[in-house]
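Asker: Each chain is listed here by its residues.
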Amino acid sequence: MISTNLLLLIIIPLLGSIFTITAKSGYIDASKNAYNVAAWTLMANIGVIFSLYLQLDPDKNGIQLVEKYQWLHLPQIDIFLGVDMFSMLLLTTLGLSFLMICLSQEEKDQKAKAIATSILLFVSMLNGYILAADIMSFYIFFAAINIPLIMLISFSEKTHKKNILIRFSLYNLIGIMLLFLAVMTIYDYKGGNIPLNTAGNLNLSGKKEYFVWISLCLAFMSRLPIWPFHYWIASMNASLHNAMVFVISNLMPLVGLYGFMRFWPNSVPKTIAVYAPYFEIICLITMLLIAVISLSSKESRYKLFAYTTVYYILYLIGVFLPTGSLKMNIGVSLFSYIMIFTVISIILGHIEQEKKRLNLHTLTSMLCYMPRATICLSLYILAGIGLPITPLFWNNFIIISEIFNNNLLLGILVVMSVFLVGLSLLEELYRLKDRAQISSELKLLQDLSRKNFIIYIAGIVCLLIILLKSLWMEV
Amino acid sequence: MLQSIINFLPELALCAGICHLLILAAFSFDAPRVYASGARFWLIISLLLSILFYDRQIVGYLQYNAYTLLFTIIGDIGIYALFFLTSTWFTAKNITGCAYNILLLISIICFNVMLASVNLMIVFGAFSTLFIINEGFYYIYHSEDETDATNNYSTSLIILAIFIISFAYLWYRVEGTLEFAPLQEFFIENKTSLAVYSAMIGLIIPFLYLLGIAPFHNVLETRIGKSILPVAHYEAVILPIFLWGEIIKMAHLMFLPYAASLTLALSTLGIFSMIVGAIAANTDNKIQQLYMHSSMYHFGIVLILLSLADISAEFAGFIYLFMYMTGLAAAYSVGYNLKSHGEYLLKVSSLSGLAQTRPCSANILLLSLFSIIGLPPLAGFIGQISLVNQLINQGKYIYLIVIYTFLVWLTKAYLQMIRTIYFQQKIKIFDTENKKVLMIMFLMTIIILSQAFNPLEMVEKIKDMFYVIAL
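Those protein sequences? They're chains A and B, same order as listed.
In terms of my numbering, the first sequence opens at residue 387 and continues consecutively.
In terms of my numbering, the second sequence opens at residue 141 and continues consecutively.
Next comes chain B alone, as it looks inside the complex (with noise of 0.2 angstroms):
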């Protein structure tokens, strides 16, 4: 009993942060930082949980090791950092922001209960939850007209309806446990089977799905436009970091059967991905949007990594995520700061002459763009040259070519949010800079400056860490 206990006390923390919460919201405590803070402390006892009991498992079901720990610790890092920025924007709009603050803790345990799965029940229960949290966040958070509203819910209810169909035929087929490795072997005996195949293909595309790889990218495009801040910012870095872990971890664990078909169909959706995301990105007048299509060219890249099919290569892509998400996660973090009378400031034209008024804003974007794009010192630097590395080692000479044509036509879109950033004249009264925010925004460019210099030796503990998944 008391192993049992002990095998869920970080998610048992989170249940008690839930609880936490709506005792708060009984008592009818209005102030959007009180359910912040309560849900910010017991974030940090479940992350302190997780590093203690890090190697807990449940034989058939949940297996946590260093691999889980790693995500875990990065995702809960940014969730912490994304408590911290959102109460501001639910103070600055006058809104609790108890719902927000519940489902995340709702999705943080799905995360963790998923990347510790070693059964596609598990899987299948815990992302069905998070796809439905994510429906629940732009139900009740969205900010515009809701013309295209049901159009984005019936495309969720296909993309769900076939994960559940997979989902539901393997289990038909599969005698027995569902459990990865029992799984793996059904898969090496039907390799040749169309019906058993799609089932597998069916399982991934819900998860590029809600990464917005392209073409599945219309509704979250759609939707992260039409978002407030706090959504868009969980869907566009929180997210992408659990759903990527699971990606990596499926692919070792159940479909290294079907690793060379696959490789033809993830290289050819990185690449339309890249492509169709560097292409939007020069369109958008939103700022999120703008971000949104920047993740669909990295995420590409990500992709066609993960093709790849080798160890080396997932790392690489993990690393190339891994500083690309610190680079926008900074982006984002600079929004909380961009008011006007009031109103958060949503398209790239309402930021014209910030760098006039707020340097200090104008400048941490600065840096967290040339971040993304690669440039060395910053954090991306060690992404690109991991990129790069690995497809040399490899001789993928066209990707290479594929991937910095492309990266060109990106930032240029990058540079025109520059240029109106520092060349436009001004033509709104940006409010003052909250100093929390602020604090965030230091903090995320000292990370940006910081993590190029492998402080700590932190890539090579990383690499100990994710190699797991390989044992």
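So that you can see chain A by itself, here it is in the shape it has in the complex (with noise of 0.2 angstroms):
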């Protein structure tokens, strides 16, 4: 019997977005019904996700469970999907943090059903992306997972900062182009779609080789904020106020490191890999300076993205170490860093509807009657820049060690810019904790609901849970 169980992985949350469009609006319930028929839908995933890891074999290297399926004959293109542990962990993570989403909504929203239609269709245009095996399926996840995102970001945001979603679109979109033109590249060079993982194998040479190589690279860059390219996606994360789209917003940096994943390790021939320090001195310009302007800032969505950024591009230099054997430890620490992220920006998003709701006008001193976000932000804050309790700290440790063990001047310069991100959410926790500026009004703060307490609490015990795991295993 053919299995199909990855194709699944795409068309569950596909179905799942056609219920919800189609689904009846107009009633009290219609919005809480949108996120309920959506978080149904991630828990099928998820039930698919640990179905697969029952079928993977945890020692065996590559991508395994290939499914195949045909799609065009002119020109011949057949679509295959794969798994192995790194990509495993990472549908895992999005998956739970995407549920975690959907569960916390809690207030009637009218855009709820337009919403939840988005996320679904994300999850299952990324899940595409994740799976893909060949480099063409790889193209088309790459440049559909744009719709959603453009549809998401015009349903929910207004009119502030217009003209950033036209620039952050095309820029996105030249991104795209570029790798199609280096995917079709080596389409007409091998007569055929090809695995991803002998990419590295292609022989390209002379300008051919640069094109490919030099529009891969653009067109992963396109989507992490690296200088030149940093400033229309700074942009547009800090002006997105939603916490669900400035999550997703977040992960498209995600697409683009899981493209210098698949592609860079053991994969890039020596003439191009040359050029990899000087992309390094890239990433640490981008990285330092975000770090420091972040610690200026007074705007929350500003330090939490300046924190994404900084970690993504500390992975992104890790990809790049001469080093095969970091990959593991990256994924790991994605699983948490994900996780981790998204239940601050979704407690960080009730915080500003609570100041925005009771027209305060500063975040000072809001968690102090706010008893439940102030436990859950502390914790997942205090994970988030090293505290010892997730596998974000034991594997970014690693990562770290790599890189001075590689460069010490580049290990000085990465911990700097993670040490100043991390001061800046603890200056960030200090501030809304601080009681300065309390006042009779914030007595009116609604705190988180239990429900979501448990939810997040829950969180962070199961990112213990697998600390200790791998811990044990690497014992």
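Bear in mind the hints are in silico, worked out from the structure with no lab data behind them.
Be aware that a few hints might be false.
Below, simulated PhoX-like cross-link-like pairs (lysine-lysine); rule was C-alpha separation at most 20 angstroms, straight line [what the hints assert, rightly or not]:
1) B/Lys-536 to A/Lys-593
2) B/Lys-479 to B/Lys-568
3) A/Lys-497 to B/Lys-566
4) A/Lys-497 to A/Lys-418
5) A/Lys-576 to B/Lys-479
The task is to assemble the complex, starting from two chains supplied on their own in separate frames and drawing on the hints.
Answerer: Following this line, the structure appears as structure tokens:
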């Protein structure tokens, strides 16, 4: 019997989105229902992911459980889907994060149907991107992710900074085109669609080789907020007010990072690999710059954006290191990191919403009357900056050690950036808990619901279990 | 006798449709739906007969085959949707639309005959009639002031005159029949003759003029901006399908001896059209003009692929065109639901805040624009694959760079539109959406979404039909 489990991971959210968009709207519980459908869909998706763990051989390297689907005859293109442990970790953390997003929605929102549909579409496309095992499907999902993202931003955001959307979309489009040209050049050279893991054995030469690799690098860079491409992504993310959209928008760099992960380790030819140090320098400058800006910024969103960016770049530098052993560390670290920034973003979203509801002018002291939010935010921020209760700490430690091992100066500057964004997040936490501007109207603040509180604590417990399990495995 | 009748059965069905509409007009029926239903009925009969007798022929004049059937099916389905949509427009405007439907049925006869013809005489007759019908559409149904009308008509007259003179010259020079095969021999014999070459160019220019390829785009640009929606829809979506079908056919059966010299001319025109289209699209405030400039860009690409004078490149061009037209047809169908106080919205700025009150229309428009750009997994992506695969195969990297540079430019115009729809504050109260139009819009969306998955191996079937031209 042919297995279609991987395809199911793309189809289930897709069906969920169709179900959500065709659901009746305009009645009292319509928004709740939309998010419930999304949550059930994501639970089904997570169920399939867990069933895949049973079929996967953890000791085996490379792509497993490959599924092949015929698509076009002219040109001949077959689609391959496959997973390895790294992609499984990503699929799991994304599934859990999106589930937390959907479960934490409590307020009635007129746009709930559209947002839930877009989220499910996004999950479907992102799953497809992670599962893609050939260059053509890799490109298709790389490009397709943009559609729900733009829809989501368009739905949920207001008139603020409208030109940024245009620049952001154009900028992404250029990335899409470059990847398309690179993929089609490879397709033409090899006379067909090739598996992703053989992209390094192309034996391209001369201009063609440079064209393909430069296009690939620029395409993936277009999704990462690295200088000189950082401005539009930074402006876009800092201007987003909806916590869900912020999380999703912040997952776009993951697309670029994952692209590098798939193409770079052991794949890139030596003629191109010599340029990696220059790329590392650019990454480092961006990292330091964003970290310093975040320290001076007063916006909590920007601080969170700076935190996510610095960590993405840290992983990227890890990818560029001439050692192939960091892949799983990056995978496990990403697992915790995505969950952590999702929860921080949702809690900050809740606090901002309360501020708006009570018409307050500042976020200072707001946590004083929100004990559940205080516990969750403190735990997650501390975990995010390196409290040794999650796999993030342990794996980041290994990644940074490797960077030090490779280049001392690079390691010092990376640690400095990580330290600065950590400081910036702590400063924000302090500001939120500072009793300096405490007032009677803050008593009207609504804390996190018990349901959400339990979900977030369960999240941190889950991360702790994974840390302990991975430590035992190391032993 | 029976054979002659069978040969013309699809066209006779359309003639019957024209008579039917005339009878309805004579009895003063004033419901646009009645006219549209009548036209649709006869169109379906004609299409079925075309499929049934797809290989009929009249030796020396008409040769129907799978290639002609391919264009007939695509075009007729488009026209069927057009009849459906325009009846809502005419109902809203309280016009019967009888003349429009009759002109459209005559156009279909001309399309069928022109595509099947293997004789320049027939092409001349059918194309001239189409040209005049086009003028008729504009004359009867233009929406704004007529200050530029005289200028437009005089330009059209000049173009038609070029066509007639070129045809007359060739008729004078060629001794005997004007069938494509002997004509091709004549071209080979007179390959160095400037006059013959000019005559051949003179035959192509009117086609480019009707397609709006730069530098022949000025009149169409003005007209589409001023035309009513049904006419603009016809000129932008239906007419180009058949015109491209005929251009590809003529290039193959008649102009092959000039392939080398045509390559440079067509690719230059193609690039020029792309550049002008992409730049002009960013200056537009009228929706129809924006689509027209978008077409200029995309037709430029098709022209570049045709200039490669290779059947696989022509097929890639056709697939690109087909996918683009699907996206454009979907975008046009949304236009029939964009009304405020009974007035159809023509300006991009009037779409402000559409997403707030009409999310369905807004989203379908968004998807169709994404498809036009070529984003996977939408229909346009199949066109992009064909295009890029072909150009890389032939090592035309410069073309690729130009195409993608200006695609970014063009996309900026689409994004401006999307920004207006989603981010601007609502300035108009939009009328309730028409359910019939919604149905067509959904159907178009399904097509856009499903085409990229190549249902029923559609691309392969289209290829088999298309390649008949090369046999």
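Asker: It remains to establish, for every hint, whether it holds in the given structure.
Answerer: Okay, the hints, checked on the actual structure:
no.: 1; hint: B/Lys-536 to A/Lys-593; verdict: holds (14 angstroms)
no.: 2; hint: B/Lys-479 to B/Lys-568; verdict: holds (9 angstroms)
no.: 3; hint: A/Lys-497 to B/Lys-566; verdict: holds (16 angstroms)
no.: 4; hint: A/Lys-497 to A/Lys-418; verdict: holds (11 angstroms)
no.: 5; hint: A/Lys-576 to B/Lys-479; verdict: violated (52 angstroms)
In terms of the numbered hints stated before, the structure departs from hint 5 and from no other.
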